[in-house]
Amino acid sequence: MKEVFILENDTARTKALNRFCYLTALLATPYVYILYSNDLILPSWVMLFIIALFLLSPYLSIKGYHNYSRLVVVFDTNFAVAYFSVLLGFDSGIHLYLFSAPLITYLLYDFSEKIKIRLTSSTYVLNFIIVYLVYKLNAFAYVVLDEKIHHILYFMNFAFSLTLCFFLIIYFANNNSFYIRLLRDANQKLETNQIQLQNEILEKNGTHKMLSETLREKETLLSEIHHRVKNNLAVISGLLELQNFYVKDEGASGILKESRNRIKSIALLHEKLYESKSLDTIEIRSYVEELVNYIKLSFSNDKKEIIIHSRLDDIKLPMEEALPFSLMVNELITNSYKHAFKDKDRGNVYLTFEKTNEGYVFDYKDDGCGFDASENFKETSLGMNLIEAFAKQLKGNMMYISKPNEGVNFKLKFEKNTAK
Amino acid sequence: MKRILIVEDDFILSMINKKHLELMGHQVVASVTNGLDAIEAVRAHKPDVILMDVRLNQGMTGIEAMEEISKFSDVAVVYLTGNSEREFKERASKTNMLAFCIKPIHFEQLSEILKNAK
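For the protein sequence lines, the chains are A and B, in the order given.
Mapping to this note's numbering: the first sequence position 168 is 483, numbers consecutive.
Mapping to this note's numbering: the second sequence position 19 is 126, numbers consecutive.
Keep in mind the hints are simulated off the structure, nothing from the lab.
From a predicted model like this one, the values you see are computed outputs, not experimental measurements.
Errors might be hidden in some of the hints.
As a list, the in silico DSS-like pairs of lysine-lysine whose alpha-carbon atoms are at most 27 Å apart [what the hints assert, rightly or not]:
#1 K126(B) x K563(A)
#2 K533(A) x K196(B)
#3 K572(A) x K222(B)
Please take these sequences and the hints and turn them into a complete structure.
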């Protein structure tokens, strides 16, 4: 908008300057005749030279030499006033042209070009002072014209300088209305834009409010779902535990306890998921630590001192991986508690979970009695079947090493889930 | 033996908890489903311990109900909750809280908590 404004303004200024030059050249023509008819041959040639310079200025401007065009005008006006004031005398009224100098200056330059305006104005002021001093000091012998011619010249100077002033005033008045029109248009556009923006803001606020409400509803629903899931798991777990009170058989009681622990490991997973900010990944370290504590508590009646040493990297798993992983950890620790330390009062379990370039490595060891990991055993043990299923679910490579009296070593490698 | 009030809006869980507590040798003085009934039940039965669900379907939450109860009774409370958000815990700890248990509750753990209650 600003660029358009400056461009339009500059074009109007150049046009006005050119017209001013044509008008001045036209007004100077009668002087040539008067001077020539009064035998002032050289001054009449000088006047022709001045006219030529006034015509040169628009030519330079058309060719794109705007600065030279303006300099020519400044020189030409100063030279014309100085030369003819000295030649024809101060009282010939040539200096009257200098009264249009401020208007000429503002026609030549924009208000922002302060230095150029000051320099140009200074030349006119200096010119006037010199002309006046020359007149007062009588430094030159003036050409003495006939009184009638003198009066005609004075009248012409007065009338023509007034004409130029009128021309310039009309230009500035037009220019002013041009500014006002341009500003009014710009203002109207701004008002239209402002209304559009206000409408857009209102629309966006409405959308934002709607989205916020939807989000709040979804959060409430999610929280409600979590609450329901946890309550349902609590019901199942509670029923299994309650059933356990009525079961006298130790084997059946153990099965119920194992089932309850599996439920608890899933419930704990939901708890961690609900706590997690991302709502789709689970922080494994804190999860496993809590699970280990829970399993320890559930076997606290066994009165055995089993120390679980865990070294877990900061790993977050998505729910679809965290679920089989958690059940697998639960199964392994439960197996160690149930079988590995049957004939011992104390034992150790070593649990590591590391992040590698390829994915994750889970390593589980105990220093219990170990077992014969024959194919037949793998097929009949539910725990082993479950562990294999969990490993498959994780798309991992599983390795199980165990010999009687040498403990158990289970290793699982699986890749990062890149589905998301 | 402790005299216990159960505040739980899930009837099945409430029944399971009641059975467990009775099998542990405690007496369940009442089972209610909302905060207002809990306040009334405390006035009426003066229990030793309240087993309070934090999230109740109607009206006030378990913690809000306990804040009201604390104005006239120093009964101890065991909170049961589906989530362990810090803001709940912090607010709950300002009441006469024995424990803040995450569902599903481990009844052996609950037994220990009740044994240590005054």
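Hints, verified against the model:
no.	hint	result
1	K126(B) x K563(A)	holds (17 Å)
2	K533(A) x K196(B)	holds (24 Å)
3	K572(A) x K222(B)	holds (22 Å)
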